[in-house]
Amino acid sequence: MTSRAICSTALLFFALTGTAVAQQAPAPAAPAAAAPAMAPASPVVLANSCASCHGVDGKGFAGTKVPAINGRPAQELSTIMKSFKADQVTVTIMNRLAKGYTDAEIDSLAGYFAAIR
Amino acid sequence: MIRTNSRRDVLKLAGAASLASLMPSGKSFAQAAGNVVVIGGGFGGATAAKYLRKLSVNVTLIDASPNLVTCPFSNTVLGGFGEMAQVTHSWDGLRRAGVTVVNGTVSAIDAQAKRVTVQGNTTPIAYDRLVVSPGIDFKFTDAGSLMGYNEAAAERMPHAWKAGTQTELLRRQLIAMDDGGVVVMVIPNNPYRCPPGPYERASLIAHYLKTSKPRSKIILLDAKDTFSKQALFQAAWQAVYPGMIEWVSFSQGGNVNRVDPATLTVYTDFGMHKGNVVNVIPPQRAGRVVDLAGLAGTADFCQINPQTFESRVTPNIHVIGDACVAGAMPKSGFSASNQGKVTATAVAALLRGQQPTAPSMINVCYSLINPDYGISVSSVHRIGDDGTIIAVPNSGGNSPANASADFRKQEADYARGWYAAMANEIWG
Chain A
0 MTSRAICSTA LLFFALTGTA VAQQAPAPAA PAAAAPAMAP ASPVVLANSC
50 ASCHGVDGKG FAGTKVPAIN GRPAQELSTI MKSFKADQVT VTIMNRLAKG
100 YTDAEIDSLA GYFAAIR
Chain B
0 MIRTNSRRDV LKLAGAASLA SLMPSGKSFA QAAGNVVVIG GGFGGATAAK
50 YLRKLSVNVT LIDASPNLVT CPFSNTVLGG FGEMAQVTHS WDGLRRAGVT
100 VVNGTVSAID AQAKRVTVQG NTTPIAYDRL VVSPGIDFKF TDAGSLMGYN
150 EAAAERMPHA WKAGTQTELL RRQLIAMDDG GVVVMVIPNN PYRCPPGPYE
200 RASLIAHYLK TSKPRSKIIL LDAKDTFSKQ ALFQAAWQAV YPGMIEWVSF
250 SQGGNVNRVD PATLTVYTDF GMHKGNVVNV IPPQRAGRVV DLAGLAGTAD
300 FCQINPQTFE SRVTPNIHVI GDACVAGAMP KSGFSASNQG KVTATAVAAL
350 LRGQQPTAPS MINVCYSLIN PDYGISVSSV HRIGDDGTII AVPNSGGNSP
400 ANASADFRKQ EADYARGWYA AMANEIWG
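Residue numbers (numbering that gives the first Met the number 0), protein chains in the order written: chain A, 0 to 116; chain B, 0 to 427.
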């Protein structure tokens, strides 16, 4: 649980998702006129939305009732989200929000938050 | 192109006498991919600035106010159970994150030379990309749809739709009102900032009146026939504030076209209403700073590329939050903040010559009926096949009707958590 571990986890994810800080000179830009197909939303991009309520890095925010979602096993997070999505477990807003994500996106979000200690 | 331009601008910047003051102290310039200037430190701009710093981009944020007072949760002040301090945020958190915060009013945007001038400063600030997040301004015009309402009128009939001294003024007027008084609220047609906001306000003013002045009434004069979370609000009003709140729709003659601040009277198409306190939420447009670069054209709000929020009018300028047209996303602080995250990610990619990824965004808006009764609306947003921002079908939506008191209490608690976590992420 050291801050170094958090940093390296974050870096790993940035590296995996391609949004890492470029350490070298950037590649030349693609021609502006082209409209290439978008890369799918990366785990980081998906997860950024969650942080608005669940706190920075999903770590919650002291004194509130919105739970932290980081550092729990990916399988557990994934199962919970999918049960919200299917209304097998009824809560408040998460039943509605979970339906906005594919199962694959839920797995990728679960992996993302599981890795943040 | 991008690479060449940013190098040129870095060189230009290096020649400026104020270089040292623009560089975040203690941060390595080597990692920087370019300079981004953000105009406006609200939900959109401050989030964009924070997330750009996470991606090691140099950011200068310009805001005219000494601190930021949020509209979200400002209705709790009117309800008598929230404090202004709880909705007021300093720029210290952004500074700690390495954002250079400039307190001042933007007087010019030179989109050709890519630089912004702050009133009173002789040296303009150069940017590779500019993020404009000015929120809303009011359409004050004597010939407009709300004749007689202007800045002077707002001192008698506060809008309190930009939080701060206006919120305090409206609160003082409510405190000064006698029991049995009438509060008139004038509510605009779409689009405007925070669709459920007027109805949360009515609820929390009712909470205060029920507690302190129970013989008083609230009349809502609306320029529309339907509103956000309508069934939930109306059921709650009936249950919690029976007989206290009267909603007059457009069809029922709710459309106000003229106000007289001297007599606290408002005129509809069919008659007049006099209030002891009159809260006028006027028609809105993008914050006027967008005019400095013609970003709205002749419209009220700015068209953007939904993948990057880059202006459809002017390259290298991104417009986010209430000021932009974001398809199915409502004009809310939460939307603005999610747009700030997507924009920061896209801007950092573009500065590095990379393709931005597909955006994914959420909107969550809680409204309080009273401190123990919360309701919500939510949506997940992507780019649809038609290239616009859509809400993912069969997801999101409102709190259920006929939920238990326990459910409403839980949502009220989550509303407080939602605000606290969001404010901490953005300004903390």
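Certain hints may be false.
Calculated pairs, DSS-like style, for lysine-lysine (alpha carbon to alpha carbon, straight line, at most 30 Å) [as the list claims (entries may be wrong)]:
#1 B:K223 x B:K209
#2 B:K216 x B:K228
#3 B:K216 x A:K64
#4 A:K81 x B:K228
#5 A:K64 x B:K228
#6 B:K216 x A:K98
Please keep in mind that the hints were generated in silico from the structure rather than gathered at the bench.
Here is what the structure says about each hint:
no.: 1; hint: B:K223 x B:K209; in the structure: holds, 27 Å
no.: 2; hint: B:K216 x B:K228; in the structure: holds, 22 Å
no.: 3; hint: B:K216 x A:K64; in the structure: violated, 34 Å
no.: 4; hint: A:K81 x B:K228; in the structure: holds, 26 Å
no.: 5; hint: A:K64 x B:K228; in the structure: holds, 23 Å
no.: 6; hint: B:K216 x A:K98; in the structure: violated, 40 Å
Hint compliance for this structure: hints 3, 6 are broken, all remaining hints hold.
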